[in-house]
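Trainee: Sequence:
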Amino acid sequence: MAANKTDPAQRPPAIEIRRLTKDYPLPGGRQRVRAVDDLSLRVHPGQVYGLLGPNGSGKSTTLKALLGLLRPTLGDCLLAGVPGSDPAAHRAIGYLPEAPYFPRFLSGRELLRFHAKLAGVPRAGREERIAALLRRVGLAHAADRRVGAYSKGMLQRVGLAQALVADPPILILDEPTAGVDPGGAADIAALILEQKARGRTVLLCSHLLTQIEEICDRVAILHRGRLLAEGALDELLGRCGRQSLVVENLPPEELAAFEDWLAERGGRLHAVERPAARLDRFFLQTLERAERATEASAVGTGGGAR
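Counting with this note's numbering, you get residues 1366 to 1671 for the letters of the sequence shown.
Think of the hints as simulated: they come from the structure by calculation, not from any bench. Since we're looking at a predicted model, the values are computed, not measured. Heads up, the beta-carbon is just placed ideally off N, CA and C, and yes, glycines get one too. Possibly wrong hints are sitting among the right ones.
What the hints assert, rightly or not - Quick list of the computed label-pair ranges, beta carbon to beta carbon:
| no. | residue 1 | residue 2 | range |
| --- | --- | --- | --- |
| 1 | Ser1662 | Leu1483 | 44 to 54 Å |
| 2 | Arg1376 | Pro1616 | 53 to 63 Å |
| 3 | Gly1394 | Arg1488 | 49 to 59 Å |
| 4 | Ala1484 | Gly1544 | 17 to 27 Å |
Make the full structure from the sequences, and use the hints.
Mentor: Okay, here's the thing in structure tokens:
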């Protein structure tokens, strides 16, 4: 029988967030601040999905609600169709927090062995998998060194290895390249793409927008708990339906003739030189528009700065 080649977008989402809202009480207990406001997202199997936003935008709260680490005020979070608060959902995920903390007295190898046992990795082949992961994240030379002696970048690497130790179908990575040198960051990006090639789903939070642009299929941008933009990168950055042509030393009269030639064939020259839109520019412009809209709304309702 032929293999099922259903489009991943037609299969049930690997990750689904439905109208997630989370309020936190302020000191005194009478007022509350809304960290996430009516957020809905879908991440399909096999996608690398970027969750973006400035500090305080609600990214960490969203991940904690998704993982069942906090209870939403409203809404639902599902992992492989199972509520994130259900322990059964945790078997499907590997998680790397933004600032991982591990017992300092364990070596890297012992740490992975501990997490492998917790995750139910079979004894047969366990040590071989641990050794292979340590090599893959560049820690084979420090496998038997205590984690307490690891640098920040090494902690991120061993944290990524522990997220992968049970070979989960879903990876949730919060700033996986924080504190990692450029070469290490490129290696981690390559590892994420390897997981995608194997059909794994990756939800990724990162401030490295150039890296996000290279590896993500879709992104969502949050601001003050609200969703500002969401979609495929080519659609968001206006790349669809455009071609790029680089020509050197073309005289002005030839450029004019070329523009006429394009017009005769239904084309149009947008600019003599127009670099492709970049995710970092799109991100900052989106936030600036949101801030202006917020300020205008505050002034209009008499709620300006005090």
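Trainee: Going through the numbered hints above, which ones does this structure break? Give me the numbers in ascending order.
Mentor: none
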